[in-house]
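Q: Keeping their order, the protein sequence lines are chains A and B. Read in order, the letters of the first sequence are residues 1 to 432 in my numbering. Read in order, the letters of the second sequence are residues 1 to 432 in my numbering.
One or more hints might be untrue.
If chains are identical, the list can't say which one is meant, so a pair holds when it fits in one copy or spans any two.
To be verified - Under the rule of at most 27 angstroms between Cα atoms (straight-line distance), these lysine-lysine pairs were calculated in the BS3-like manner:
1) 4 x 202
2) 288 x 160
3) 218 x 288
4) 103 x 265
5) 265 x 89
6) 38 x 96
7) 4 x 218
8) 288 x 418
9) 53 x 418
10) 38 x 160
11) 160 x 53
12) 160 x 4
13) 223 x 412
14) 218 x 418
15) 53 x 412
16) 412 x 89
17) 202 x 32
18) 96 x 354
19) 265 x 223
Hints in this document: simulated from the structure, not taken from any laboratory.
There are 2 protein chains.
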Amino acid sequence: MARKLLYNGTIITCNAENEVIDSGAIGFEDEKIVYVGKTPDDVSLYEETIDLKGDIVLPGLVNTHGHTPMSLLRGYADDLHLQTWLEDKIWPLEAKYTPEHVKWGANLSILEMIRTGTTTFVDMYDYMDIVGKAVDEAGIRGVLCRGVIGFGSEELLQSKLKEAAEFAKNWNNAANGRITTMLSPHSPYTCSPEYISQIIDKSVELNVPLHTHMSETKYEVDKNIEDFGATPVAHLDSLGFFDRPALVAHAVHLSDADIEILARKNVSVSHNIISNLKLGSGIAPVGKMLAHGVTVSLGTDSVASNNNLDLFEEIKSVATIHKGIAQDATAISAEQALRMATIDGAAAVWLGDKTGSLEVGKDADFIVVETNQSFYYPRHNPVSHLVYSGSGRDVRDVYVQGKQILDNRQFKTIDEEKILFEANRLSRMLAE
Amino acid sequence: MARKLLYNGTIITCNAENEVIDSGAIGFEDEKIVYVGKTPDDVSLYEETIDLKGDIVLPGLVNTHGHTPMSLLRGYADDLHLQTWLEDKIWPLEAKYTPEHVKWGANLSILEMIRTGTTTFVDMYDYMDIVGKAVDEAGIRGVLCRGVIGFGSEELLQSKLKEAAEFAKNWNNAANGRITTMLSPHSPYTCSPEYISQIIDKSVELNVPLHTHMSETKYEVDKNIEDFGATPVAHLDSLGFFDRPALVAHAVHLSDADIEILARKNVSVSHNIISNLKLGSGIAPVGKMLAHGVTVSLGTDSVASNNNLDLFEEIKSVATIHKGIAQDATAISAEQALRMATIDGAAAVWLGDKTGSLEVGKDADFIVVETNQSFYYPRHNPVSHLVYSGSGRDVRDVYVQGKQILDNRQFKTIDEEKILFEANRLSRMLAE
């Protein structure tokens, strides 16, 4: 690939100094960033140059929890109590899923993430070979796991674990390193301690991290205490889960002792603020977690409980809701919220050396936001505008490993019309 | 004007039955809606017909609280304690405002509201003749008031009240009825009881409603009790404020007795959920207000504390945050949230017979949302998609009184490029 330079933009680096460069440029060669700084006087070193005309460049966003195939259920059921929603609506439809549903559901989600500026996402579902293939083809980056739920015969459990392990082994570092893998018991309330222990052992053997749902609802925490005499955090800790690199989704209902464990064991948290609100689960104590040094990243969860994958909404929500709850307008700054969706998200999935910030030597994963619209005027503070006024709809271009996958809002690697058509066709069949 | 028909769309009426019409159409002649229903077989009655190709038509949104000229301060100061933010940042810049700042600030806000589907907005500021002129030219609908703050000499106070009254008198029912007016003491904590009483008397004389900020912060409520021995609600009630048609913005910190007064006196509430969160003010007890029958509508407040005027964000926020707070996924349905931004908003500003729903005989104030994008797939439930997955960026066309003012995202009545340029130029001068 040629050396390319995008110049005359505002570069939001999300580096350690949180540098924002006016009249800036980003240069890259093949997969790697080779320049971040002021627009150079001499651009002749670059074969291709693009004038950003004041648009904003920032790292591609990192969405640290979701279930891409569930996009077929968007809008199928809302505003119901969690158990009714799951048992009467979501699970019966998911039981009818075939590999075709997984394929087009995953593609619909991947399309929407690219469209709104996400370049790395975590996915936990079934038929993950299909998701892996979709990631490979779309050119996005995925941190993938075949989620296993501890229901069924011992034989079924062992077959699921075997499938999860094979997926983790076969796909780790696939797609030019754009795919990494994890192992994932669904949750402490759906997997026995013995099953979780087996999964932990397997993660040691394969040298992959762990991912799970944890402490999403008060009911779940109460039940865990009743069943095992410990909070989900203490329970998982006692099983050795946190002696492995681990990412937990939700972490809404936490005791102070829980937060200390998460901090001490370097557990990554995926804060799914909108999904937690919409399902009536509650609001995670993010301020406390940050104060204890926990790595907090942002996740959308699936569109069934969100109902979109535009991570800009999570960024604005995290920067406003915690202020309102704490009645403190200084809680979680715009800069912090943006870091949660970029460099902290990358760190949460052990990719902090590859993506999540714009620095020489890292992979060229970045997005361009079109600023010639009211939401970005007056030109006081680009980070504030992105966080408080921006939307994923403002993303114009997306690059992953130096390859452009969205160009002026047009997809370069995937067939949008076909995906919308097939996703609709298959989901209508499910619902009928 | 000719008779026009938009057909083959999904019509979300927001009428009393909350009717949603698949394969629907809306017909209008001059200013008025003449048809809402299934796409008719014979469209020859209409001189102009437009195929919606499955897009969604809904009533234009109603934003019931804001300060349009403050858009020049977007991103100038964020993440500060309210008093620091006001006293060190916002007020010093506002003190430098000239009529030019008001003009271009108001235009920037009006542009953004049209762009994101708002057709009626409430505005409280100074130099309101300029705002009235901008509303007239843009073709949007405004419920306007010259806000008066009770600081300064008696002479100054009387001159402000005189100005507010003249504005209310001169502009009421102006711009072909698109402008109505109110009188507005800034708040019970910035206006003496005597001054508020004078304003109430004037509103009787001019037969216009009242608008004010009320119970936004806990500090303000505590101070009101200390100064006057009553909550702001009880205090205003004792002055006779609620014996007039009244719209109060914020209403965050309310006692049960306060809520009973608001219900009994038919007070309209403008719930400014995002601004209240961002300024760390807290979260209004919307569930309780609705249970008592209070008319709750949605407002953005100014972009200085939001930081945009996309009311779709308020709609999603109100439908998710109150679920999370109450830990009840059935709190405030998608339908309810949408009504707050349409028909309930119209009712809150005494325009429920003219706008806010799509019904024959009402003014043709409606918007078209482009659904041929992932956010609206699969086609399970258009109201859910609008509320939980949609964005003001998806609005393609806007009509007010049957006149199209946004056409395929292009403004037909205002000069976008000039407004962005002038707003930026003037605000940079302010900040320097």
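Q: Evaluate each hint against the coordinates.
A: A quick look at each hint next to the structure:
With identical chains, the CA atoms of residue 4 and residue 202 are never at most 27 angstroms apart, being 43 angstroms at best within one copy and 66 angstroms at best between copies. Neither within a single protomer nor between protomers do residue 288 and residue 160 lie at most 27 angstroms apart by alpha-carbon distance, with minima of 36 angstroms and 47 angstroms respectively. When the C-alpha separation of residue 218 and residue 288 is checked against a cutoff of 27 angstroms, the pair qualifies both within a copy, at 18 angstroms, and between copies, at 23 angstroms. Taking the closest pair of Cα atoms, residue 103 and residue 265 never come within 27 angstroms of each other, the shortest separation being 36 angstroms inside a single copy and 56 angstroms across copies.
Taking identical chains as interchangeable, the C-alpha atoms of residue 265 and residue 89 are never at most 27 angstroms apart, the minima being 37 angstroms within one chain and 42 angstroms between chains. In this homomeric assembly, residue 38 and residue 96 never come within 27 angstroms of each other (Cα to Cα): the closest approach is 54 angstroms inside a single copy and 33 angstroms across copies. Taking identical chains as interchangeable, the C-alpha atoms of residue 4 and residue 218 are never at most 27 angstroms apart, the minima being 51 angstroms within one chain and 54 angstroms between chains. In the homo-oligomer, the alpha carbons of residue 288 and residue 418 never lie at most 27 angstroms apart, since the shortest distance is 45 angstroms inside one protomer and 46 angstroms across protomers.
For the identical chains of this complex, residue 53 and residue 418 are inter-copy neighbours only, at 17 angstroms across copies versus 33 angstroms inside a copy, given an alpha-carbon limit of 27 angstroms. Taking CA atoms no more than 27 angstroms apart as the test, residue 38 paired with residue 160 passes in neither setting, with 52 angstroms inside one copy and 50 angstroms between copies. For the identical chains of this complex, residue 160 and residue 53 are neighbours neither inside a copy (52 angstroms) nor across copies (44 angstroms), given an alpha-carbon limit of 27 angstroms. In the homo-oligomer, the alpha carbons of residue 160 and residue 4 never lie at most 27 angstroms apart, since the shortest distance is 45 angstroms inside one protomer and 59 angstroms across protomers.
With identical chains, the CA atoms of residue 223 and residue 412 are never at most 27 angstroms apart, being 48 angstroms at best within one copy and 59 angstroms at best between copies. Neither within a single protomer nor between protomers do residue 218 and residue 418 lie at most 27 angstroms apart by alpha-carbon distance, with minima of 41 angstroms and 53 angstroms respectively. Taking the closest pair of Cα atoms, residue 53 and residue 412 come within 27 angstroms of each other both inside a single copy (22 angstroms) and across two copies (25 angstroms). In this assembly of identical chains, residue 412 and residue 89 lie within 27 angstroms of each other by CA distance neither inside one copy nor across copies; the values are 35 angstroms within and 45 angstroms between.
Taking CA atoms no more than 27 angstroms apart as the test, residue 202 paired with residue 32 passes in neither setting, with 33 angstroms inside one copy and 68 angstroms between copies. Taking CA atoms no more than 27 angstroms apart as the test, residue 96 paired with residue 354 passes in neither setting, with 38 angstroms inside one copy and 47 angstroms between copies. Taking the closest pair of Cα atoms, residue 265 and residue 223 come within 27 angstroms of each other only inside a single copy of the chain (24 angstroms); across copies the shortest separation is 46 angstroms, beyond that limit.
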